[in-house]
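Engineer: Sequence:
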Amino acid sequence: MNADFSKPYDPKATESMIYQQWLDSGYFNPDNLKIKNPKIQNYVVYMPLPNVTGTLHMGHALDNTGSDILVRYYRMKGFRTLWLPGTDHAGIATQYKVEKELRKEGASRFELGREKFIERVWKWKEEYGGIIIDQLKKLGASADWSRLRFTMDPDYTKDVLSAFVHYYEKGLIYRGERTVNWCPRCGTSLSELELEHQEEKGSLWYIKYPLIDTKHEIPNTKYIIVATTRPETMLGDTAVAVNPNDKRYAKFIGKTIRLPLTNREIPIVADLKIDPGFGTGAVKVTPAHDILDFEIGGRHKLASIQVIDERGKMNANAGSYAGMKTEEARKAIVERLASEGLLEKEESYVHNITICYRCGHVIEPIPSMQWFLQMDKLAANALKTVQSGKVDIQPENFQKIYFDWLENIRDWTISRQLWWGHQLPVWFCKNQTGSSNSQFLISNKNLSAEDFVVSVEKPATCPICKNCDMIKSPDVLDTWFSSALWPFAGLSESDRKNYYPGNFVSNARDILNLWDARMIFSGLEFMGKPPFQNVFVHGTILTKDGKRMSKSLGTGIDPLKYIDQYGADATRFAVIWQANGQDIHWDEAAVMAGRKFCNKIWNASRFVLERSGNSKFDLPLQTETQNSLTPQTEADKKILAKLAEVKKQTERYIETFEFAKALQNLYDFFWHDFCDIYLEESKGQIADEKTGSSTQAILRNALVESLKMLHPFMPFVTEAVYQNLDERSNQFLMTTEW
RNA sequence: GCACCCUUAGCUUAGUGGUAAAGCGUUACAUUGACAUUGUAAAGACCGUAGGUUCGAUCCCUACAGGGUGCACCA
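For what it's worth, our numbering labels the leading residue of the first sequence as 113, then goes sequentially.
No lab work stands behind these hints: they were computed from the structure. Where is the CB? At the ideal position from N, CA and C, for every residue including glycine. Be careful, since some hints might not be right.
Below, simulated DSSO-like cross-link-like pairs (lysine-lysine); rule was C-alpha separation at most 27 Å, straight line [claimed, not checked]:
(1) 313 - 457
(2) 228 - 542
(3) 146 - 542
Now the in silico label distances, taken between C-beta atoms and shown as ranges [said to hold, decoys possible]:
(4) 311 - 486: 48 to 56 Å
(5) 311 - 658: 14 to 22 Å
(6) 147 - 760: 19 to 27 Å
(7) 313 - 658: 44 to 52 Å
(8) 509 - 795: 34 to 42 Å
(9) 277 - 487: 14 to 22 Å
(10) 213 - 366: 55 to 63 Å
(11) 270 - 581: 18 to 26 Å
(12) 212 - 487: 42 to 50 Å
(13) 760 - 645: 16 to 24 Å
(14) 216 - 843: 46 to 54 Å
(15) 567 - 439: 50 to 58 Å
(16) 366 - 658: 34 to 42 Å
(17) 146 - 311: 56 to 64 Å
Sequences are here, hints too, so could you generate the full structure?
Structural biologist: So this is what it looks like as structure tokens:
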């Protein structure tokens, strides 16, 4: 491109043109890099998969600028550098989005039916799923788009299903009925990492549970009082539990209670999980509607009575309350208890309610047939890999969060009752099960492994009855099950040989366990090696006053606004300038500083070009030329020494992911040491015959070296300048040797 | 509740066992300069509060307060 240096730097006119040149060059693809060193080393970065529903936000800008800095640096260093991009089908998020669209049209997915609905989601994906990729390109991301993958591409899907089969055949996947976290709005189970908590003012009701004491062993006690925030679930109570060490209740253990409203008789059991200090120290146990209670129920062989259905309404077991919403039932039950004199008191109480991370609806634990991945062994491997340092998580304090999760891991609920996603490779026999209704099949507790087969492809003939048309499980896999496979499922067979394992992944802390941990154990399980050496957890970008950026709250800031207005380089500058490891209180002033810096680079380059008599650059600068630079003056010596020092510092900072420090250091050097001091000094030196030509050489050298070092951070302006330094050159700064 | 992190100039943040830097903002002066986005200089911080360790602490320790995050959820 031909630049007009007489005007200020104009990112708008420059960026799209430069980006197109990069794309045309093919150098984002490492297979096209001219690699001289026979002992080539890889540098592979995995892009945190953006959801197809997503549009670029500040978090992406931070992730991807950091990754791009590394990728551009290592590419210039001569590594075979691959940045692997992809998009995630994001099961629940995408389904929710399309459902919302349908609701606006007055329709629902149930009216459409599964097949039509999925078609609709694909259409939606084709239309909007590429938006975020285009936005990443605007940011300057030098990912290898020729390798772009979607988690529901045919090949990827095959790997996902094969992984399921692998785990199943290894005995790590099992089907069972458990009380799981259930979102009544989305109509699906969720894993514990997909939950959020919200503080809510509620009540704690103290309810009298009448004691059955026919033998009159415990005089003066007619009731045990339990405290609960959810009286409506008492209809499903199957025990009252106390702590075995709680002296107040020792004599009650093993006795029986008559459950109010139902007159069902339930036992009093002892369990160490009960906190004697909370409420009255006696707890109602509802295995069907509380996960902890489900575990207590398991230990004491208690029945599980479901009283709330998957839509969050009271079911037939709730007797006269059947059909009511839980809140209605709660109110009615409290009134009834009060009228019967069984309500001891009501206290106001602030507690946390659990909500769905996608739609925000209150989570209802309910018993349900699900598929689980046994986690203990997988978690132990993932733990060991980080403990032994094979994978390094930075900043270090996040290792603790990683360890905590893996050390206290529960089995992973991997099935979801959604329509958008990878359907489980599980095939039910119609004849054996006696049904062709798939909904019936998933909820049927009586099915055993005799009733289905697990296989990637549909068996041509049913291996169970030999003549039925098998039914595929309607469940889909947790989105994170497929994204966990990204470091290898994102690569073709041959790429796996060349590019696995990779090196680096960078993301926000909220997906450390959701994604990073799962990539680590998946990589170990399927490839025998961890997928990368470095996990870098960057800070979260908050508003200036420290609030979470959120679209729904209207507190989000769109990085594209900055890219359009001030350019991608200024935006990247601002993001990295502020990214020191802590959370960032976003200050727009940094974007202005970035824009000014672009212009400074632009103008300093113009100066050097003009004072060098234009087109005197012989790019790329030869090493011999650089070595023969002979300082004549104190200023010469100083700038050359400083340049060498800054280069070393920059390398160190980039290699340790201290991008903010690297950038600030470079900024300081370029603006102050180079422009304010040396450039001013050079004016006199050039005029002097004795120092003229050496000064010009030093200017050229310092400029080119600066452009190289700045390129990973601000790729557009540096590339634009570089290409204008030598008219004869068709070199890319992007692939110039560091 | 447990654990971890943060609290430094008007704002956003660096940083160090020997009283502190940057960007933006403010003030003065200079400059048509490679720079409509410049330079030089100045003002501006008893480095959250209270103790302790130390010859000496903003930096280490303890407690507290405020903000945040992770985990557990207590029913």
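Engineer: Give a verdict on every hint.
Structural biologist: The hints, checked one at a time:
1. 313 - 457: With a Cα-Cα distance of about 17 Å, the restraint between residue 313 and residue 457 holds, given a limit of 27 Å.
2. 228 - 542: holds, 24 Å
3. 146 - 542: violated, 58 Å
4. 311 - 486: 48 to 56 Å: Once the Cβ atoms are compared, 34 Å apart, the range 48 to 56 Å for residue 486 and residue 311 is violated.
5. 311 - 658: 14 to 22 Å: Holds - the Cβ-Cβ distance for residue 311 and residue 658, about 18 Å, lies within 14 to 22 Å.
6. 147 - 760: 19 to 27 Å: holds, 24 Å
7. 313 - 658: 44 to 52 Å: violated, 24 Å
8. 509 - 795: 34 to 42 Å: This hint is violated: roughly 50 Å between Cβ atoms.
9. 277 - 487: 14 to 22 Å: holds, 18 Å
10. 213 - 366: 55 to 63 Å: holds, 57 Å
11. 270 - 581: 18 to 26 Å: holds, 22 Å
12. 212 - 487: 42 to 50 Å: violated, 33 Å
13. 760 - 645: 16 to 24 Å: Check passed, 23 Å falls within 16 to 24 Å.
14. 216 - 843: 46 to 54 Å: 52 Å Cβ-Cβ, so the 46 to 54 Å window holds.
15. 567 - 439: 50 to 58 Å: violated, 44 Å
16. 366 - 658: 34 to 42 Å: violated, 54 Å
17. 146 - 311: 56 to 64 Å: holds, 58 Å
When each numbered hint is compared with the structure, violations occur for hints 3, 4, 7, 8, 12, 15, 16.
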